[in-house]
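Undergrad: Now for the letters of each chain:
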Amino acid sequence: MSAAQQPPTLELRDVSKSFGAVQALSEVDFEVRDGEVMALVGDNGAGKSTLIKCVAGINSIDSGEIYFEGKRVTIHGPKDAAKLGIEIVYQDLALADNLDVVQNMYLGREEHDFLFRLKEAAMEQRTSDTLKSLAVTTIGSVRQPVATLSGGQRQSVAVARAVMWNNRVVFLDEPTAALGVAQTRQVLALVRRLAEQGLAVVFVSHNLVDIFEVADRITVLRLGRNVGVYEKESTNQQGIVQAMIAGKAASKEAEVAT
Amino acid sequence: MSTAAPAEVQAAAAGDSLAGILRARWQGIKGGDVGSLPVLIGLIGITLYFTSKSDVFFSAVNFTNLIGQMAGVTVIAIGVVFVLLIGEIDLSIGYVSGLAGVVVAELQVPGSSHQYPGLVAIAAAIGVGALIGAVQGSFVAFIGVPSFVVTLAGLLIWQGVILRQLGTEGVIGIQDAYINNVANYVLSENQGWAIAVIFTVGYAAATFGTYLTRRHAGLSTGNVILTAVRVLFYGALVFAAVAVCNHSRGVPLVGLIMLVLVIGAAYIAGRTTYGRHVYAVGGSAEAARRAGINVKFIRVTVFMISGAMAAMGGVIFASRLNSVDLTAGSGTILLDAISAAVIGGVSLFGGRGRVSGALFGGLIIAIVANGIDLVGYPDSVKLITTGVILLAAVTLDTVLRRRQAAVGR
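Line by line, the protein sequences give chains V and R. Take any residue in the first sequence, note its place counting from 1, add 3, and you have its number in the numbering used here. Take any residue in the second sequence, note its place counting from 1, add 12, and you have its number in the numbering used here.
With the rest of the complex left out, here is chain V (with noise of 0.2 Å):
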């Protein structure tokens, strides 16, 4: 990473949270920077829900620090979290399917004047300008519903929302899960493009094919505890595979990173 002198976009120290006896996180430290891919992996239960819902303010943590480009901040809830411009994209969840491509884009957010009557040309034409930034060209109208939509021009809509609100950090819940191997490619080519924006991006997957692909550098958890951190040019798939399972660092350029 070239920009390593500059504090991290979102960063988190030491960071634990339990759930009465349960130790979801403990001291796990993450980081993501501006204009990268980020992959956060591990198997089911290694906390990567935990520290998605931290980061968003659902949870509160119950020690540790969050910093966001350097600066101290705490997250109590969602409006925190949406404030600092961290931007969570969940699988499948976020859309209405009823309502069409440029209403679900300003979903929560509408333009309004001061009769709250809505600027519809006005939202119409920033939905159009953003889809065309990301090439995001298959969505024939954006007066369509979303429920006339394919899975991954569904994807598509809620990823690039995340990126009209200025936000600095996306996080993207399994965005590929549900979806086919053409989709899933269209949909990967849109995480990459909004890094290139600019945004701190962090892909949570458990799809080793995908990762690859897409992420800069891999974070790795295991049942609430870091393992390890990994350049993907330094690493391949038994490697993160092994690190996952057996949560030892799968290669020596792993402790540079931890």
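Be careful, since some hints might not be right.
What the hints assert, rightly or not - Taking lysine to aspartate or glutamate pairs in the DMTMM-like style, the calculated list, with each CA pair at most 25 Å apart, reads: (1) V:K235 <-> V:E14; (2) R:K308 <-> V:D83; (3) V:K235 <-> V:E216; (4) V:K82 <-> V:D32; (5) V:K86 <-> R:E298; (6) R:K308 <-> V:D100; (7) V:K82 <-> V:E34; (8) R:K308 <-> V:D103; (9) V:K56 <-> V:E177; (10) V:K235 <-> V:E39; (11) V:K86 <-> V:D32; (12) V:K82 <-> V:E72; (13) V:K56 <-> R:E298; (14) R:K308 <-> V:E114; (15) V:K86 <-> V:E177; (16) V:K82 <-> R:E298; (17) V:K86 <-> V:E72; (18) R:K308 <-> V:D116.
Quick caveat, the hints were computed from the structure, so don't treat them as lab data.
With the hints as your guide, set chain R onto chain V.
TA: Using the frame of chain V, we list chain R on its own:
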């Protein structure tokens, strides 16, 4: 994944030609987006049938009567549309309307300690309806009790309250002129024409305002000629309605009240952020919540709208009879209002439908009742016919919903 040229721009431009619009419309119908087409066809069919069966049906006098007969149920159905849009149901509307009638009648009893001006009584009745809606909606939104059960309890409770309140006398007469005018006042010829002019000019201004904004923004505007034809069609429709009414007694005030409420509610549902959030909650409450929409607020306020509209309908019923009695809010009011919304194309599954559906549905139900009375069929036929139409409407909704879901995959 290749970086194809932005094709949607050309697609949008091509869609502005007449043939393109027709093709897109046909594509939409095949995809399950039929709009108001079934209602229109049904309306024409029913009208033709009764015209052939009764000499009086297709007359100016009967048309004017029809407006008075449909107003109460249609106004209640406006509230039902909102409740159905968020995927809930309100079974209490019948007796809430009855209770509002009792309130408005009680508050004008001459010589009593609680005699208020007619307009104050009407406002109080609507306020009571909204308050009831707020209470029922709170059970749904904050505690999570299914709306079906909450409002079923409401149905029983408010019926009980009506019986208790009217128990000793059984009937309250209404003498206040303002209250009686709601359903019985008839506008003068010139007032009728003025309404037609205001409606047409307002509709034209709104339509072409949208057209110009979109053209200014460089978006697809639809076909200009088609837009003009639409404005002329609806304008002509209102002028024709006023002409027919003026040919008999004149435009009933209640028709104007109904129209204003439908337009106002359609504006809220279709053009404001609040309306957009209502649709979002109905489409996916979880997506709405994650998008930062206050789902509980939307649910409570929608039940308040339902209660207020039911109360307004109750005022119209009471005004029409110049009294309230023990049957207030009973009978087919509840099911007629829900049927009106559903026949008008509002989905029971939430998130789909328009406020104007209440108007079309209310019209169909009123025409069926009116025509059957005129032809002289017994009430049994009325119930069976309305039931069959309702079943057809819900079946259509279910089939369309499935087809729409199938198109994308």
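Undergrad: Taking the numbered hints from earlier one at a time, note which ones the structure violates and give those numbers from smallest to largest.
TA: The structure breaks none of the hints.
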